[in-house]
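Based on the hints, put chain P in the right spot on chain Y.
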Amino acid sequence: MLELSHVTKSYGAHRVLNDLSFTVSPGRLTGFVGGNGAGKTTTMRIILGVLAKDEGSVTIDGAELTPADRRRFGYMPEERGLYPKMKVGEHITYLARLHGFDKSDAQARATDLLEQLGLGERLNDTVEKLSLGNQQRAQIAAALVHEPDVLILDEPFSGLDPLAVDVVADVLHRRAASGVSVLFSSHQLDVVERLCDDIVIIAGGEIRAAGSSERLRHEHSGHRYELRSAGDLGWLRAEPGVTVVEFEGGNALFDAREDADAQRVLQRAVAEARVDRFAPVRPTLAQIFKEVIQ
Amino acid sequence: MNTATPTSAPRGFQSVWLVAEREVGSKLRSRAFVISTVITLLIALAAVIWGGFSAGNPSATQVAVTSATASAVEQVPGVEVTQVADREAAEALVRSGEVSAAVVEDTSTPVGMLIIAADSAPTMLVMGLSVSPPVELLEPATVDFALRYFVSIGFGIVFLLAASLFGGTIAQSVVEEKQTRVVELLLSAVPARALLAGKIIGNTILAMAQILLLAAIAVVGLIVTGQSAVLQGLGAPIAWFAIFFLFGFVLLAALFAAAGSLVSRMEDIGSTTAPLTMLIMAPYFLVIFFNDNPVVLTVMSYVPFSAPVGMPLRLYLGEAQWWEPILSLVILIATCVGAIMLAAKIYERSILRMGARVSWRDALKAA
Numbered sequence: 001m002l003e004l005s006h007v008t009k010s011y012g013a014h015r016v017l018n019d020l021s022f023t024v025s026p027g028r029l030t031g032f033v034g035g036n037g038a039g040k041t042t043t044m045r046i047i048l049g050v051l052a053k054d055e056g057s058v059t060i061d062g063a064e065l066t067p068a069d070r071r072r073f074g075y076m077p078e079e080r081g082l083y084p085k086m087k088v089g090e091h092i093t094y095l096a097r098l099h100g101f102d103k104s105d106a107q108a109r110a111t112d113l114l115e116q117l118g119l120g121e122r123l124n125d126t127v128e129k130l131s132l133g134n135q136q137r138a139q140i141a142a143a144l145v146h147e148p149d150v151l152i153l154d155e156p157f158s159g160l161d162p163l164a165v166d167v168v169a170d171v172l173h174r175r176a177a178s179g180v181s182v183l184f185s186s187h188q189l190d191v192v193e194r195l196c197d198d199i200v201i202i203a204g205g206e207i208r209a210a211g212s213s214e215r216l217r218h219e220h221s222g223h224r225y226e227l228r229s230a231g232d233l234g235w236l237r238a239e240p241g242v243t244v245v246e247f248e249g250g251n252a253l254f255d256a257r258e259d260a261d262a263q264r265v266l267q268r269a270v271a272e273a274r275v276d277r278f279a280p281v282r283p284t285l286a287q288i289f290k291e292v293i294q
Numbered sequence: 001m002n003t004a005t006p007t008s009a010p011r012g013f014q015s016v017w018l019v020a021e022r023e024v025g026s027k028l029r030s031r032a033f034v035i036s037t038v039i040t041l042l043i044a045l046a047a048v049i050w051g052g053f054s055a056g057n058p059s060a061t062q063v064a065v066t067s068a069t070a071s072a073v074e075q076v077p078g079v080e081v082t083q084v085a086d087r088e089a090a091e092a093l094v095r096s097g098e099v100s101a102a103v104v105e106d107t108s109t110p111v112g113m114l115i116i117a118a119d120s121a122p123t124m125l126v127m128g129l130s131v132s133p134p135v136e137l138l139e140p141a142t143v144d145f146a147l148r149y150f151v152s153i154g155f156g157i158v159f160l161l162a163a164s165l166f167g168g169t170i171a172q173s174v175v176e177e178k179q180t181r182v183v184e185l186l187l188s189a190v191p192a193r194a195l196l197a198g199k200i201i202g203n204t205i206l207a208m209a210q211i212l213l214l215a216a217i218a219v220v221g222l223i224v225t226g227q228s229a230v231l232q233g234l235g236a237p238i239a240w241f242a243i244f245f246l247f248g249f250v251l252l253a254a255l256f257a258a259a260g261s262l263v264s265r266m267e268d269i270g271s272t273t274a275p276l277t278m279l280i281m282a283p284y285f286l287v288i289f290f291n292d293n294p295v296v297l298t299v300m301s302y303v304p305f306s307a308p309v310g311m312p313l314r315l316y317l318g319e320a321q322w323w324e325p326i327l328s329l330v331i332l333i334a335t336c337v338g339a340i341m342l343a344a345k346i347y348e349r350s351i352l353r354m355g356a357r358v359s360w361r362d363a364l365k366a367a
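In order, the protein sequence lines correspond to chains Y and P. In this text, residue positions in the first sequence follow the working numbering: the first is 1, and each later residue adds one. In this text, residue positions in the second sequence follow the working numbering: the first is 1, and each later residue adds one.
Isolated chain Y (complex conformation):
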């Protein structure tokens, strides 16, 4: 398990990370969410050791990270970049070799991975000849080629079309399933919501919320319910302890003051007509995000 505890970082008098603590678990996809300038990139750079922290610790399985540990990390920096004039296949092979694979092994892995990512036919093209989306795929290959134990990806989905998002999401899922710890940041909250097991929300250099996606939603769900009935729900407005948010014939969205109020509404609805749906409404990540960063 990768763990950051009490990490701080300042540029001069400006404190960009303040007492940051969270964990990234093996086998799970952790989404790292925050606005521009919240400190995501700085945090990721500190994890990778390309930037030095001022205080705090970054540990893996309880031990402070060493350069050898970090060589088992895969990284996709926010600032994308590969050598424009290098051939894609050679480039990814070179990176695998930098991470310690011998030449033939590195070559085989690079070819295999690029084929998985749909770049099998472009191996001998230079990076600059690829479309932006394909360059992005090559960049992902660069992060994955050495079979890292920990993946740190800064905005891996930005600039990808929906099909490419699925390809990449699939690759990340498979890595996580094989036991890799994956931390990725994204502005696309819907993608994070769909993919992530765990979520960390950062704002102004501080962690505002962290935990499993389920738990966060549960913690931030109010007492809002959705009710769909075959009959007319006009009576709902008169119910004590209930505030109707939306209403249209047999569909209603309402806030109950307490669980008991909601249960009473359900009983009455069942008595009145056929109930097609009754469910607590879980907040979306976007809603939770807005709530916690305020």
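No farther apart than 27 Å at their CA atoms in a straight line, the calculated lysine-lysine pairs in the DSS-like style are these: (1) 53/Y x 345/P; (2) 129/Y x 27/P; (3) 85/Y x 103/Y; (4) 53/Y x 365/P; (5) 27/P x 85/Y.
Which residues of chain P face chain Y? A few of them, derived with a C-beta cut under 8 Å, are: (6) 26; (7) 180; (8) 181; (9) 185; (10) 190; (11) 191.
Derived Cβ-Cβ restraints for the label pairs, each shown as a range: (12) 21/P x 112/Y: 21 to 29 Å; (13) 337/P x 187/Y: 44 to 52 Å; (14) 66/Y x 21/P: 21 to 29 Å; (15) 266/P x 159/Y: 21 to 29 Å; (16) 266/P x 36/Y: 25 to 33 Å; (17) 62/Y x 302/P: 53 to 61 Å; (18) 103/Y x 364/P: 34 to 42 Å; (19) 172/P x 159/Y: 24 to 32 Å; (20) 266/P x 166/Y: 36 to 44 Å; (21) 362/P x 166/Y: 42 to 50 Å; (22) 221/Y x 30/P: 56 to 64 Å; (23) 286/Y x 364/P: 47 to 55 Å; (24) 286/Y x 21/P: 47 to 55 Å.
The hints are simulated quantities; they were obtained by calculation from the structure and are not laboratory data. We put the beta carbon where it would ideally sit given N, CA and C, even for glycine.
For chain P alone, coordinates are given in the frame of chain Y:
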């Protein structure tokens, strides 16, 4: 956690070597680099051959003689005589340009001979006929002025070309990695110092290869133009030049890499490499203007930035004691080590600083 582990974790030097290998490979595949190298080599070849001929090809001096002077002139090395009947015939040959000069009998001169030439007498002929006490040279090193000049410029220009070409190349490749942002990815795999060392080693290999090619061309050129005597005097200085160049180049390469790390865009590169460019221009101009000034040459031969030009030149001119190149080399190597340490600090601190350029002053202060 994951069963796939690298077959062998790269040690420090392996990473350095990988970086160096990529550096060399990418240059050799760059058409611009190959073409500019070929052009440099051709220019050098042309210069050596032209220099060799202008310095005077011994077998090319045609001299007309009369029967009275023939025996004297024939003794002068490097002269081909054409015997004519009398002074008039000799003058006619000189006027027509068929011979460079004529030597005729003239009892009114102290030596009993007169040299007739069109506008200037061939130096070697005058010297060859001069009546002076015989000289026995223990270390014959008769460097004529033209040759001295060409050798000076030769060392100067080769150093200038190679240092500015590869110095600029290193700075550019550092900036390229910053500008394309690939550097952050590289730094997540190898330490900044390994990256820097790999760049310096890779470019040094290329520069040395070019210098060795140039040296080979110089040797071939001198043989082709029949200057093998010059070659004997030049062999050792060229070898020293190669050794000095190696360390002088590493010194400059480290500084150029540091200069590159201070900027984020190719357009800004000139502003931080300008002071270094001055440093590599200096030896070139100094040898052009002061190649006959022993004091300036002596100073040059000890200052690390000009030693690669100054010391081989002094060795060629026979002005340096045997221990001088060794002392100068020690100074150069010490400076080189210092520069590498300084450059590594600047590089490590600046390589991820994107945006406005960092000034040398700030970088040095931070280092």
